[in-house]
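Protein chains: 6
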Amino acid sequence: MKIRVINPNTTATMTATIVTAAKAVASPGTEIIGITSSAGAVSIECHYDEAMSIVGLAEAIRDGERDHTDAYIIACFGDPGLLAARELTRAPVLGIAEAAMHAASFLATGFSVVTTLERTRIIAEHLLRNYGMEHHCRRVRAIDLPVLELENPKSNARQMILQECERALSEDKSAAIVLGCAGMADLVDWLSEKLQVPVIDGVTAGVKFAEALVGLKLGTSKRGDLAFPPHKPYKGMIADLAPNSILGK
Amino acid sequence: MKIRVINPNTTATMTATIVTAAKAVASPGTEIIGITSSAGAVSIECHYDEAMSIVGLAEAIRDGERDHTDAYIIACFGDPGLLAARELTRAPVLGIAEAAMHAASFLATGFSVVTTLERTRIIAEHLLRNYGMEHHCRRVRAIDLPVLELENPKSNARQMILQECERALSEDKSAAIVLGCAGMADLVDWLSEKLQVPVIDGVTAGVKFAEALVGLKLGTSKRGDLAFPPHKPYKGMIADLAPNSILGK
Amino acid sequence: MKIRVINPNTTATMTATIVTAAKAVASPGTEIIGITSSAGAVSIECHYDEAMSIVGLAEAIRDGERDHTDAYIIACFGDPGLLAARELTRAPVLGIAEAAMHAASFLATGFSVVTTLERTRIIAEHLLRNYGMEHHCRRVRAIDLPVLELENPKSNARQMILQECERALSEDKSAAIVLGCAGMADLVDWLSEKLQVPVIDGVTAGVKFAEALVGLKLGTSKRGDLAFPPHKPYKGMIADLAPNSILGK
Amino acid sequence: MKIRVINPNTTATMTATIVTAAKAVASPGTEIIGITSSAGAVSIECHYDEAMSIVGLAEAIRDGERDHTDAYIIACFGDPGLLAARELTRAPVLGIAEAAMHAASFLATGFSVVTTLERTRIIAEHLLRNYGMEHHCRRVRAIDLPVLELENPKSNARQMILQECERALSEDKSAAIVLGCAGMADLVDWLSEKLQVPVIDGVTAGVKFAEALVGLKLGTSKRGDLAFPPHKPYKGMIADLAPNSILGK
Amino acid sequence: MKIRVINPNTTATMTATIVTAAKAVASPGTEIIGITSSAGAVSIECHYDEAMSIVGLAEAIRDGERDHTDAYIIACFGDPGLLAARELTRAPVLGIAEAAMHAASFLATGFSVVTTLERTRIIAEHLLRNYGMEHHCRRVRAIDLPVLELENPKSNARQMILQECERALSEDKSAAIVLGCAGMADLVDWLSEKLQVPVIDGVTAGVKFAEALVGLKLGTSKRGDLAFPPHKPYKGMIADLAPNSILGK
Amino acid sequence: MKIRVINPNTTATMTATIVTAAKAVASPGTEIIGITSSAGAVSIECHYDEAMSIVGLAEAIRDGERDHTDAYIIACFGDPGLLAARELTRAPVLGIAEAAMHAASFLATGFSVVTTLERTRIIAEHLLRNYGMEHHCRRVRAIDLPVLELENPKSNARQMILQECERALSEDKSAAIVLGCAGMADLVDWLSEKLQVPVIDGVTAGVKFAEALVGLKLGTSKRGDLAFPPHKPYKGMIADLAPNSILGK
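Chains as they are written, first to last, in this note's numbering: chain H, 1 to 249; chain R, 1001 to 1249; chain U, 2001 to 2249; chain W, 3001 to 3249; chain F, 4001 to 4249; chain G, 5001 to 5249.
Treat each hint with caution, since some may be false.
[Claimed, not checked] If you only want the chain F side, here are some residues facing chain W, beta carbon under 10 angstroms, derived: (1) LEU4083; (2) HIS4102; (3) GLY4110; (4) ASP4144; (5) GLN4159; (6) MET4160; (7) LEU4162; (8) ALA4176; (9) GLN4196; (10) LYS4217; (11) LYS4222.
Please keep in mind that the hints were generated in silico from the structure rather than gathered at the bench. Cβ coordinates follow ideal geometry from the N, Cα and C atoms, glycine included.
Can you make the complete structure from the sequences, with help from the hints?
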C-alpha cells in the first residue's frame, strides 16, 4: 500500500525527519512516499501559514491521486486543510494531531500536548475541541521556540522539550505525552526512555492508523459533506487547482 | 471610514448584491469597498472551495492594507480564513456568519440558520460551536440549492427560502432567522415583512458591527496568536503572498 | 436615535461616568439618555442587589417606551433583568457584559474579565456560560474592592485594576481585557495605552452595538418567549408595574 | 421544623393546592407554612413576571427569618430569585424545578419535563443547563395552556397533561416525568397511576429534600457569593427591602 | 422503612463507621442495615477494585430484596455498579458521590471534593461529568493516602484532610466541601466546626435523600433501561447471580 | 503478535463470528486468540449483564498475561470493564465501541450507531460522551431485537439492520454507520455494498488499531490511574481474582 506523508511546509530536511520516522514503523508492504509542499511557508507557525498551506496540499493530493495513493497523512500538528483534503479522495486522510490525540486517549485517561510556539497553542486547543478530546487533554504546553530550531543542533530544543514533558507529568498529572509538532518525530524513543510513559508522535501514529483503515477497506465517506467537490471553474493563480483539475476529470 | 467587504468567491454579480446591501445600511462617512476575489471558486460550496479562498482573501487584504482600510468583512457564510486574515491587520475583521449569529443572539433566545446547500450545513454547525452559539441556534436548515441559483431569476430560490424560514418558526420554535449565504443579502426586507421576526443577514450585520468596533477605536489584538505572522519566505506559486509581502515590509 | 443607558443602581455619580463614556462614542444623531435607577441599591454587588434592580429597571423602561426610545443599555455588568426587559419593548436591549464579551470575541481568541468584588465573579461566570463565551474567556479576575471605591479618588482602584490586567495578559495568556463593571468606563483609554491590547468596556460597546442594530432596523423578536408579557393584574407594592401599565395599555 | 413554602405568585388558591401537596408528604414534626406572595403577578408566565416576583419573595423571606424558618421552598417552576434568596438566610432554600430535576436523575437515566405555556419552555431549558441536567432531560414539553387554567375545572388541562406525558414516554423514550408547574402538584398520584413511571412534582420533592438537608444540619454556605448581602441603602419603593431591613439588623 | 447501606468493600470496621454515621441522621422509623460486601477488595482504590465490587453488591441486593428493603445506599465514593443495582429493584438506589454532589449544589455555587488517593481522582471527575456537576465542582483534591489509613489512629489523615479542605476554600474559592470517601463519614462534625462551611458526607446525604424519595413514594423507574434485567442463564462462578436468581424468580 | 479478542459473554457461537471477522483483517504475523467468557451472561443486554462481565474478563486477562498477549480487544459494544482491564496489563486494551467510534470520526463528519436493544441505547450514549464523540455521532438507533436473534437465521435481523441504516443515512444525514454489537461483525461487507458508505464494525477496527499501537511500541500508561492495581486481599467467591493473583505475583 502507498501512503503519502505530506509535509505541508516547504522545508525538505523536515520532510526527511518525518519520512525516517514513518518508515521506521511502516509494515512490510507499505510504501512511504514523503512529499515536501511545493508552495507555502518554510515552517507553519500561525493561522496564516496554516491556511496558505492548502495550496501545496492540493497539489500533493492531485499528484497522489494520479499515483493511486492508498492513504494520506497531513504531517503538521495543526491538521491544516484536513476536511478539504478528504473531499478530494476516496482514500483515508489523517491529520497528525488527530491521530496522536486519539491514540493517546486509548492509552491514558489524561494526556498533555507539548508543542513549539506559544502562539500555536490555540490551534491545538481548537483541534482538541473539534475532535472531542478536550476532556482527555489536561493541558497544551509550549516551549516557545520556533519550529525550525528543532533542526538546529545548537538550540536547546531537546532539553526544553524533555523538561516541559516532565512538568506535564508532575503538574498536570498526565499519564501520556502527545508531541505537538511533526518535527519532533525523531524524539519519541529518547523521550519514552526518559519519561517512562507513552510518548506519541502523530506522524507514526498517523501511518499506523492509515494502515489500519486501509486494512479494513475503509475510506473517506463519499456521501454528504465529504463527497467530491462540485465541479466549477476557479480563477486567478489557482485556476489550475479547480476540483476537476485535481480529480483529473 | 473605509470598510472592505470581500466576496471570497470570484463572481462579480454576487459582489454587486453584497455591496448594494452593505451600502444601504452604511452610516454617512462610511465608504464601502466591494472586492471580488481574484483567485478561487465562482461559488463556495464545500470545504475545498472554502479552504482555497484564502489565496484571493490574502490578496484582498494586502491591497486593503495599502489602502488604509479601517475594517474588513469576509462575505461568505463559512467565514473562511477568518483567523488568518486577523493576523494580517490591526483593523477588525468580521465574518458574516459570526456577525449574524451574534446579532441574532441579541434579539431572540433561539434562532435558526437557513442556508443553501445541504453539504454546507456542517460548516455552519462547526462555526456555531466555535463561536459558542450552539445553544442559541435551534437548527441549521438547508434548501439544497446551489449558491448561484440564488441569482437565477428562473429558480424558485426565494419561495424555497421563505418556506424553509416558515418551517424554522413553526417546527424549531425559533424567533429569529439567520440567512446562511452572502447571496441572500437582498432578501432581508422581503422576508422580514413576510415573517414578522428579525431576519439577519451577515453582510449588513458585519458592516454595522465593524462600524461599531472602529467607532470604539478597537481593532484586532496584536498580542498572542493574532499578532502579525512571523517573517519567513514562502515558496511556489504563492511566494508573493509571504507575510512580509502582504504587510508591505 | 434615542438610546437609554440605564444605570440599575441608584448612584447618580456613577450614571454620570457612564453617560460621559457613552456620549464620547455615540454617533452624530444619537441621543444618549442616562437614567439612574429610581429604586434599588446604591451599588450592585450580589445576587440580591441584582435581582432587586428589576424594579427600577421596569420603571426606566416604562418611561423609555413613552419617550419612543430606540434602544436600551442595561449598564451593570451582571446584565440584570435582561430577558425581562426585552419582553417589554420592540427596541433592542443590550447588557453591558453581553456587549463587551461578544466584542472581545471579535478581536482576540482569548480574553480575561477584570471585575471588582470577588463575590460577583460567579455572576460573570454564569453569564459567560449563558452567552456561549466560556471558551473565549480564559479567566474572570476580581480585585476585590467594593464598586463605589472606583469613585473614591483616595482608593488605589486604578492601580489595582491595571495590575490585575497585567496579570491577565501574562498568566492567562489573554489578548484582550473586558472590564467587569460599568463604573470602569472611564478607564478604557488609560488602560489601552498602558496595556497595548484591546480593552473593552461594555457601556461603550453596548452603545455602538445598539446603534448597529437600530441601523439594521432590527429589534427584539416579538415571537416566542420575548413577546410582550401576557396581560394580568399585579398586586402589592408593584401593582403599578403590571405589564399593561408598563406598556401603556 | 418549619418549612416555608413560598408561592411567588399572588393567587391564594394555587397556594392552597401547593400546601395540600406539601403537607401530604411532610414528616411528623415538620410544619408547612404556605405563603402567597404579597406583591407581583397572579401567575408567572414569562421572564418579566418571574423577575418581578423577587419583591414578594424578599418580603416572604424577611418574615420567615423573623419566624425562625428552617428551610424555604420557592414554589414556581422557574425557580425565580433562587440565588438571591439564598443570600438572605442560613437556612437551605430549594427551587421546585431544581428539586424535581435532581430527584428525577436519581430514578431514571432520562426524563421529560411537561410544563404549561410554550413561552416558559426556554426558562426550563436554561435551568436544566444551569443545574447540569441537560443530558438527563430528553425534552421539555409544553401543553400551551395558561397557568391558571390548571385550576379551571372546565379546562381540559388534566387530559392534555396526561397525553403530553404519554408522548414523552413513547417519543422521547423518557422513563420519568417532571411536572413543570407548581399548580400541577395535585396530579401526581393520578398521573403515576396512569403512566406507571415516576412522576415528580417539585413542591413535594422540595419539601422532602429540605427536610433531608435540615436533618443533616446543612444550610446555605455563608462563605463566598452566597454570604449575606453587603449592608447598603436601597432607594425608592423598595427602600424597606434593603438587605439589613430583611435581615433585621 | 429499611435502608440498606452497602459498603462495597469487605472491611467490617469501615462498615461500622458508615453505619454509625448513617444511624446518627436517620429519622425515627428508619432502620439502617449495614452490609459489608461478601466478595471483593478490602478497600476500593482503583478501577479494578471498583469493577469487581459488583459481585458483592449483587449479593447484597439479592439479600435486600428478600428482606423487603425500601432503599439502598452504595457507600463507596466511586458509586460502583449504580445503574446495574438500579435494574435489580423497584426501590431507590443512591450512590454516595451522587448524593453528596447534588446536596452540595443546593448549598453553594461552587464546591471542592477532597478524596484519598490521587489515582481515584479521575473516578470522581468522571462521575462529576456523568452527573452534570462539572460546573459546580471547582476541583477534586486528593491527600494521596490509602483508604485504610483513615482508620489508622497513627496516620496523620485527619490533619491532612483538614489542610486540603482549607486549601480548597482559599485556592479554589469553594464554599462547600464534599468528602470523597465513605471512610470519612465520622469527620463531618469536626470539619464543619473548623471550616465553617457545609461539609457533606455522602453516606448521611444518601440516607436522608433515600428517606425523602421513599417518603415521596418514588422508586427506580421500571420503564426503559432500568427495567429488571432480561431473564437469561449466567455461567461460571457467578452462575448463581443470574438476574432471575437475584430477583427470586 | 498475539491479540486476544475477548467476547465478554458466554456464547461460543458469537465468539466464532467475532474471531472469523478478526482473522479476516489481521495482518500476517498477527495471531488472533478468541476467548469466550468463562463467567457471566449468555448475552449482554443491560447494565447488570455488563457489570457482571468483569469476572470473566478478569479471568481472560489473567490467562492472557500468562500467555504474553500483545493486545486485548473487549468485544462487546458497551466496552465493559475497559479501564479496569487497562490497569491489569502493559498491553493496549481497546473496546470495540471505542475503536469503531474513533474510526468513524476519521472518515465522516457525522455517523450513526445502529444497535440491537432499545435499552442498550443509553449505554452507547454514555460512551459517546465519555469518548468525546457526542458531536460526531448524530444518533444512536436500535432495532429492538435481542442480541442472540442476530444468530437466528429465522429472525429478520439482517433486513431490520439494513433498513435502520438506510434511515440513518436519510433522516440523520449521517455519512457512516457504526455497528453497535459484536454480533454484527459478519454484516460489514454486505451492508457496505448496499449502503455505499463506510460501515464500521468495532471488532475489526479494534484488531487493526491494536496492531497499530503494538507496531508503535505503545501500551497502556503505567503512570497514574491506569498503573497496576495496589496489592491487597480479595474475599469471597472472587478471592482468587485479587490483583496479585491476576498479575501472577
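Here is what the structure says about each hint:
The closest approach between the C-beta of LEU4083(F) and any C-beta of chain W is roughly 7 angstroms, which is under the 10 angstroms cut-off, so the hint is satisfied. Annotation: interface hint on HIS4102(F) holds; nearest CB of chain W at approximately 5 angstroms, less than 10 angstroms. Against a cut-off of 10 angstroms between C-beta atoms, the interface hint on GLY4110(F) holds, since the closest Cβ of chain W lies about 7 angstroms away. For the restraint placing ASP4144(F) at the interface with chain W, the shortest Cβ-Cβ distance is roughly 26 angstroms, beyond the 10 angstroms limit, so the hint is violated.
The closest approach between the C-beta of GLN4159(F) and any C-beta of chain W is roughly 21 angstroms, which is over the 10 angstroms cut-off, so the hint fails. A hinted interface residue such as MET4160(F) counts as satisfied when its beta carbon comes closer than 10 angstroms to some beta carbon of chain W; here the least separation is about 21 angstroms, so the hint is violated. Nearest Cβ of chain W to the Cβ of LEU4162(F): about 16 angstroms, over the 10 angstroms cut. The hint is violated. With a least beta-carbon distance of about 5 angstroms to chain W, the hint placing ALA4176(F) at the interface is held under the 10 angstroms criterion.
The closest approach between the C-beta of GLN4196(F) and any C-beta of chain W is roughly 7 angstroms, which is under the 10 angstroms cut-off, so the hint is satisfied. Here the hint on LYS4217(F) is kept, as its CB sits about 8 angstroms from the closest CB of chain W, short of 10 angstroms. For the restraint placing LYS4222(F) at the interface with chain W, the shortest Cβ-Cβ distance is roughly 8 angstroms, inside the 10 angstroms limit, so the hint holds.
Violated hints, in rising order: 4, 5, 6, 7; the structure is consistent with all others.
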